[in-house]
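Trainee: The primary structure of each chain is shown beneath.
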Amino acid sequence: MKSVVLAHEVDWAGWRAAARALALSDAAPDDVVWSVRNVSDLFAEPEDEAIAAPPGGFTVPRALVTLAETVIQARDPERFALLYRLIWRAHRGEKHILEMTTDPEVQRAQRLAQAVRRDTHKMRAFVRFREVTEPEGTRYVSWFEPEHYIVEANAPFFARRFATMIWSILTPYRSAHWDGEALRFDVGASPSEVPDDDRLEAYWRAYYSSIFNPARLKVGAMRAEMPQKYWRNLPEAAAIPELIRTASGRVDSMVEQPVFSDPRPSRIVAPPAAEHGSPLHEAAREAADCRRCPLWEPATQVVFGEGSPNARVMMIGEQPGDQEDLAGRPFVGPAGQLLDRAMQEAGLDRQTVYVTNAVKHFKFVPRGKRRIHEKPGTGEINACRFWLDLERATIKPALTVMMGATAARAVLGRAVAITRERGQPMPLPDGKGGNTTGFITVHPSYLLRVPDEDAKAREYAAFVADLRRIVELAA
Amino acid sequence: MDLLAKLKILADAAKYDASCASSGTVTRSSLGEKTGVGSTEGMGICHAYAPDGRCISLLKILLTNSCIYDCLYCINRRSSNVQRARFTVEEVVTLTLGFYRRNCIEGLFLSSGIIRSPDYTMEQVVRVAKTLREEHGFRGYIHLKTIPDASPELLLEAGRYADRLSINVEMPTEDGLARLAPEKDMPSIRRSMGRMRLRIDEAKAEKKAVRFAPAGQSTQMIVGADDSSDRKILAQSTNLYSNYGLRRVYFSAFSPIPNASAILPPKRAPLLREHRLYQADWLMRFYEFKADELALDAAGNMDLSMDPKLAWALQHREQFPMDVNTATREQLLRVPGMGVKSVDKLLQARRHRRLRMDDLARLRMPMDKVAPFVVALDYQPGGLLDSARLAQRLVPKPAQLEMFA
Chain A
1 MKSVVLAHEV DWAGWRAAAR ALALSDAAPD DVVWSVRNVS DLFAEPEDEA IAAPPGGFTV
61 PRALVTLAET VIQARDPERF ALLYRLIWRA HRGEKHILEM TTDPEVQRAQ RLAQAVRRDT
121 HKMRAFVRFR EVTEPEGTRY VSWFEPEHYI VEANAPFFAR RFATMIWSIL TPYRSAHWDG
181 EALRFDVGAS PSEVPDDDRL EAYWRAYYSS IFNPARLKVG AMRAEMPQKY WRNLPEAAAI
241 PELIRTASGR VDSMVEQPVF SDPRPSRIVA PPAAEHGSPL HEAAREAADC RRCPLWEPAT
301 QVVFGEGSPN ARVMMIGEQP GDQEDLAGRP FVGPAGQLLD RAMQEAGLDR QTVYVTNAVK
361 HFKFVPRGKR RIHEKPGTGE INACRFWLDL ERATIKPALT VMMGATAARA VLGRAVAITR
421 ERGQPMPLPD GKGGNTTGFI TVHPSYLLRV PDEDAKAREY AAFVADLRRI VELAA
Chain B
476 MDLLAKLKIL ADAAKYDASC ASSGTVTRSS LGEKTGVGST EGMGICHAYA PDGRCISLLK
536 ILLTNSCIYD CLYCINRRSS NVQRARFTVE EVVTLTLGFY RRNCIEGLFL SSGIIRSPDY
596 TMEQVVRVAK TLREEHGFRG YIHLKTIPDA SPELLLEAGR YADRLSINVE MPTEDGLARL
656 APEKDMPSIR RSMGRMRLRI DEAKAEKKAV RFAPAGQSTQ MIVGADDSSD RKILAQSTNL
716 YSNYGLRRVY FSAFSPIPNA SAILPPKRAP LLREHRLYQA DWLMRFYEFK ADELALDAAG
776 NMDLSMDPKL AWALQHREQF PMDVNTATRE QLLRVPGMGV KSVDKLLQAR RHRRLRMDDL
836 ARLRMPMDKV APFVVALDYQ PGGLLDSARL AQRLVPKPAQ LEMFA
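Sequences listed follow chains A and B, in order.
Per the working numbering, residue 1 is the first one in the first sequence, and the count goes up by one each step.
Per the working numbering, residue 476 is the first one in the second sequence, and the count goes up by one each step.
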C-alpha cells in the first residue's frame, strides 16, 4: 500500500508528479491512498519526499490532463484516486478512454468537471464587491462561498477584468488579493471582514426589482440558474420574496384595468415629403412598393437601376444579388466589381452608362445565415418587365446591352442561347416605331463561376472584347 | 428627480426587451493597462436572475422613456400616462462603471425613446458609449439599440463603440407593424439591418477595417400582440437570420402593460407559445429541420401541448424506431428527447461498444420519451410506436404546463 500526501487541496504539481511516478512503477489504483496535509500547516514546507519516478516514457492524452486539472478542484475527497484510476487505465492502453462516454469512471470525472466549471462560472457571476475607502485609496472587497476549490484557478479572471482596481476576494478556505500588479493567496477568512453595505447597493437592488417583469413569473427557472445557496451573499436577493408575492396582483391589475381608449392622434412624424425629382426618381420610388410578384416579401428592398439619365448605353443584368439587396444599389457585389474592372479595361466609364437588372428584387432560398441565389422565373421576369420598359423608354439608349439569358429574355421576350447570339448587334424596336441597337453578352457572374483558371482568363478576355465592341457601337 | 427614482423608471421602461446577451464579442483585458476597467472573453456571464427567470447580464436601461412615437404595444408610447424621466449622459456612465466595478454587470444595454428626432436621439445614445470607451477606458460589453431612421454616419459611430447593435422588427408582418406602430416602417428597419450586415461582414473580413459591432446584430419580435400565426413568425425569423446574419432573433410574449390600448389583447403573456416558438426555431437552426416540416394546424399554429420535435415524430412514425447503433447523427437528432450534446456523446460511445438501453440512461436521456422511438442492442419498442395512446403517454400533464401559462 502506497500513501501520497498532497500539500493542499489543489496541489496539482504534487498530484501530477505522484501519479506519473505511480503509473510508471505500475502501482494499482487500489493500492494507493491519497490524502491532503492538515490545513493548519498549509503554508509549511513539504517534509515528505516525493515518490521517485522510475525511468520510462509516460504519455496520456492531452484532453485527460486538461480534465484532471479541472477535476482536482472538486470538493470530493475521492477525486485524487479517481483521476489516478483514469491515468492508470490510459497508461495501460486505453488511449481513447474519454470517448467512452458511458463508462462509469469517465462519467464521474466528467460530472465533477462539470460541477467545477459551473461553480467557476457562478463565482464570476455572483461575486459582489463592496467599496472600502481608506486613506491609501479605494479597495474593493468581496465575501464569496464557492462550493469547490476554485479560487486559485479563477482569480486570474478577476485580475484581467479589474486589473486597475485593488481588490480582495475572501472565501472560507482561501483568500485572493490583487494589489494592482500581482495575485497573492492567503488562508481563508470570515464574512465579518467585509463591510455590510456599499453606497451603490440600494441602486443595484432598485435596478433588480425594476427590471423584473411580474407578468413572466418563473421562479423555477430563476432557482435553476441562481440556486438559493448563493442568495445570502447577493445584495439583490433580499428583494426576491416580495417580488414573487406581489407579482400576480400586479398582473391582475394590469389585465383588469379599464382599457385606455386613446383617441389615436395623427402621426407626428410626417413621412418624408415626396420630392419631385426626375421621372426616373419617381419611378424608383414607386417601384419601392411594388407587389407585382411575390419576390418583394423575403427581400430587403427594390434595387432600381442607376446611372446617367442621358446614357447612350444601358446595361441590363439578371437580378440584384445578396450584397445589392443589402445595399440597395445594382452591381456592387462580386459580379459588380468584376464588371467595373472589365469596363475600366475596355474604356467604358460606368458614370456614363445606365446599369440595371431585368428583375428588381433578389430571389433566393435561405440557408442558415446565408442566402442562395435562385434564377428568376419567366413569371417574375414578365412581372418586372413593366419597370424595365419604363427605364428603357425614359433613358432611350442608343445601345441596349443584355448580359445573360434573363436580360435577353426580358428584352426580346424569347429564350436566347447566349453563346450563339452574343456579340452580334441586332435591331431593337424602341416601342415608338423606331429602332435602336441591341447587343448580347454574358452576365459577369458567369465569369465568376468558370472553374478552371485558363478558361476563366479566356472568358474574361472575351467579355472585355465585347465591352470594347460596345464602346465602338455607342460612339 | 433623484438618480434612484430615475433608475427605477428607466429600468422598468426597458424590461420588455428580451435580449440581455453579453457573448460573442472580441477578447479584451485590462491586464497591463494603467487606466480603465473591464474585460470580455467571448462567453457572456449572467450576474443575476430575476424571478421571471431571465438573466441579468447588462445594465438594461433607456436614456429616456419620453417618446414621440405611439406604438400601441409599448409602455413608453406618446399616449401612455407613465411617468417620464431622462438620464444625463454622465448619469448613465456613472451607474455603468459603478455597477461594473462591483461585478454586478457585464456592461450596458442602452436604448431610448425617440425624442426630437431619430438623429438627435441616436447621437445621445452614441455619446454615452463614446464617453465610456474614450474617457473612461471601459472594456466591458456595450449593446446599443439602433434607431432605423438615424443617419448612416451615426450608425457607423455606434458600431465603432458597441459590441452589438440591434433594431427590433417588433411585429412578424409589415401590416402588423403598420397597424400597431404607425410611425415605424418595416422596409426602413430591414434596410437598416441590411446596412448593418454589410458593415459587420466588412469589418470581420478585413483586418484593417474600422471596428464595427464585433458581436453582430440581433432583433426582437413580439408574439401575441397581433394575430400572426406561428408559420408567419417562423418564416420571418428564418428570413431575418439568412438576410441579415443575425446572432439572435428574440421572441417576446406580449405581456400586459399599464394603460394598454383597447386594440391589444388584455391577456396574460403567452409564455408557453413563446417557448414552443423558440423550440421550433432551435430545430431549424441546430437540428436540420426545414420550416415546412414542422407540424402545424390549418391555421398555421403549433400544438402547444407538446414540443415540436415530438409533434413531428408522432406524425412520422414510419421513420421510427431508429437504431441507436446504426442511425446517422442527422437521424438521431430527430429522436424526441435527444439533444445535440447527448447525440454527440452517444456517437462517441458507439465507436467503442454496441449500445444498450442503460447506456442511454447513463447519458441522462429522458427514457420515457426516447424509448418508443429507438432500438438498442437489448431493446425493441414493440407495439408502443403504433399505439394510438402514444401521444397521451408522452405529453406532460397539464399541471406542468401551467408553469408557462
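Derived from the structure by calculation, the hints contain no laboratory data.
This one's a predicted model, so the numbers in the text were calculated from it and none came from an experiment.
C-beta: ideal position from N, C-alpha, C; glycine also.
Among the hints, a few may not be true.
So the derived label-pair ranges between C-beta atoms look like this [claimed, not checked]: (1) ASP819(B) <-> HIS121(A): 19 to 27 Å; (2) ASN38(A) <-> GLU681(B): 55 to 63 Å; (3) LYS816(B) <-> ASP454(A): 30 to 38 Å; (4) GLU152(A) <-> GLU628(B): 42 to 50 Å; (5) GLU681(B) <-> PRO195(A): 48 to 56 Å; (6) HIS121(A) <-> ASP778(B): 20 to 28 Å; (7) PHE185(A) <-> LYS682(B): 48 to 56 Å.
Trainee: Taking the hints in turn, state whether each one holds.
Mentor: Outcome of the hint check:
no. : hint                                : in the structure
1   : ASP819(B) <-> HIS121(A): 19 to 27 Å : 21 Å, holds
2   : ASN38(A) <-> GLU681(B): 55 to 63 Å  : 59 Å, holds
3   : LYS816(B) <-> ASP454(A): 30 to 38 Å : 48 Å, violated
4   : GLU152(A) <-> GLU628(B): 42 to 50 Å : 49 Å, holds
5   : GLU681(B) <-> PRO195(A): 48 to 56 Å : 49 Å, holds
6   : HIS121(A) <-> ASP778(B): 20 to 28 Å : 36 Å, violated
7   : PHE185(A) <-> LYS682(B): 48 to 56 Å : 39 Å, violated
Consistency note: the structure conflicts with the earlier hints numbered 3, 6 and 7.
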